[in-house]
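K.L.:
These are the residues of each chain, in order.
Protein chains: 2
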Amino acid sequence: MTTLTTNAERKRPGRPRGTSDTRERILSSARELFARNGIDKTSIRAIAADADVDPALVHHYYGTKTELFAAAIHIPIDPMQVIGPLQQIPVEEIGRTLPLLLLPLWDSEMGKGFIATLRSILAGSDPSLVRSFLQEVITKEVGSRVDNPPGSGPLRVQFVASQLVGVVMARYILELDPFKSLAVEQIAETIAPNLQHYLTGELPGFA
Amino acid sequence: MTTLTTNAERKRPGRPRGTSDTRERILSSARELFARNGIDKTSIRAIAADADVDPALVHHYYGTKTELFAAAIHIPIDPMQVIGPLQQIPVEEIGRTLPLLLLPLWDSEMGKGFIATLRSILAGSDPSLVRSFLQEVITKEVGSRVDNPPGSGPLRVQFVASQLVGVVMARYILELDPFKSLAVEQIAETIAPNLQHYLTGELPGFA
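Chains as they are written, first to last, in full-length UniProt numbering: chain P, 1 to 207; chain U, 1 to 207.
Mixed in with the good hints there might be a few duds.
If chains are identical, the list can't say which one is meant, so a pair holds when it fits in one copy or spans any two.
Listed next, the in silico BS3-like pairs over lysine-lysine satisfying Cα-Cα at most 30 Å (straight line) [to be verified]:
(1) Lys-41 <-> Lys-180
(2) Lys-112 <-> Lys-180
(3) Lys-140 <-> Lys-41
(4) Lys-65 <-> Lys-140
(5) Lys-180 <-> Lys-65
(6) Lys-41 <-> Lys-112
(7) Lys-41 <-> Lys-65
(8) Lys-112 <-> Lys-65
Source of the hints: derived by calculation from the structure; they are not laboratory data.
Take these sequences, add in the hints, and give me the full structure.
P.N.:
This is how it looks when you write it as structure tokens:
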């Protein structure tokens, strides 16, 4: 728990609470439970209980569980805004569409909070929030579309993730020159066939 | 300077010095100068002067400038042990050979220092040492072999770096499952065609 409020204080009946305090307490509980149990096994109800608020209030402030997760790790939009469109396009176009959706977000002012959060999570000892997001949300939403042969979907998505995380490292953290100042389209077009290869191409050694 | 010895102390003539103190002072000067000026523009002589030792002693302890650089960022082998073999093989085989050389190193006990260095950069340490290494050493040694059309070599190498850094992130820092426990050969064979595509394939938008 990163909140400064102690449990004893929180449980005191009738204590008046500021809205921003309640919001922060929900985020703090969300971070803790998502990190400990993963996204799938963490319910809005459990987060509400930990934060000592009504589940309806969690929904009211943060919407869906995925939106709450995004808020907890400072992603400024609902991840489904990216994942949703991917579900509508043909599988053969995901390799090209994915970086064209993500790079402008990462490049934007909004993306800075995400990069900063990624840094702090990766630097620390516990990357489980990012891991859960990749393994549970992305694998479920995207991996199910490329699960051919059956069971290969999660691995395909992880190879894609390795390339995309590497782009984040090269462009925003290592700031390689000229990589850091390439146009979005140039990066997208260059990595697109490789992402597509991971998604629908041969997967050596897959049993 | 991370050394605990002040400049005034270091310059005092005739002060007896322990060997480990001298070695650490050389590494500290090396880190500072490599980070400030890059690898190309930093000489062994300049590092020796900063550390207040004879250049011959730097060579005696650390060998070549590349070996000193590797020691400074905790890479436990001379990078030329990896880069050297790459210069001997046909360009068409680099995409496959590179991960087969690197993954066993990263997987080994020796690789932990390198992973730790990458982590510290994520935590906010100055990334200029790793950036210099990628932009100067790797680009010169590998990029010159794939500089077709002329001028494209550095960019080709940076795309390769983005994939390889991403593999390090997925396998050792995010520890994605099953990615973290895949056999070296499985990762190498899966990413090989993609690395080769960056090295010798079409490079969209390259003017």
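K.L.:
Against this structure, judge whether each hint is valid.
P.N.:
Status of the hints after comparison with the structure:
1. In the homo-oligomer, the alpha carbons of Lys-41 and Lys-180 lie at most 30 Å apart only across protomers (22 Å), although the nearest pairing inside one protomer, at 38 Å, exceeds that limit.
2. For the homomeric pair Lys-112 and Lys-180, the shortest alpha-carbon distances inside one copy (14 Å) and between copies (27 Å) are both at most 30 Å.
3. Taking CA atoms no more than 30 Å apart as the test, Lys-140 paired with Lys-41 passes inside one copy only; the shortest distance there is 14 Å, against 49 Å between copies.
4. Taking the shortest alpha-carbon separations for Lys-65 and Lys-140, only the intra-copy value of 15 Å comes in at or below 30 Å, while the best inter-copy value is 48 Å.
5. Proximity of Lys-180 and Lys-65 under a CA criterion of 30 Å is satisfied inter-copy only: 27 Å between copies versus 33 Å inside one chain copy.
6. Taking the closest pair of Cα atoms, Lys-41 and Lys-112 come within 30 Å of each other only inside a single copy of the chain (28 Å); across copies the shortest separation is 32 Å, beyond that limit.
7. In this homomeric assembly, Lys-41 and Lys-65 come within 30 Å of each other (Cα to Cα) only inside a single copy, at 11 Å, whereas the closest approach across copies is 52 Å.
8. Proximity of Lys-112 and Lys-65 under a CA criterion of 30 Å is satisfied intra-copy only: 22 Å inside one chain copy versus 36 Å between copies.
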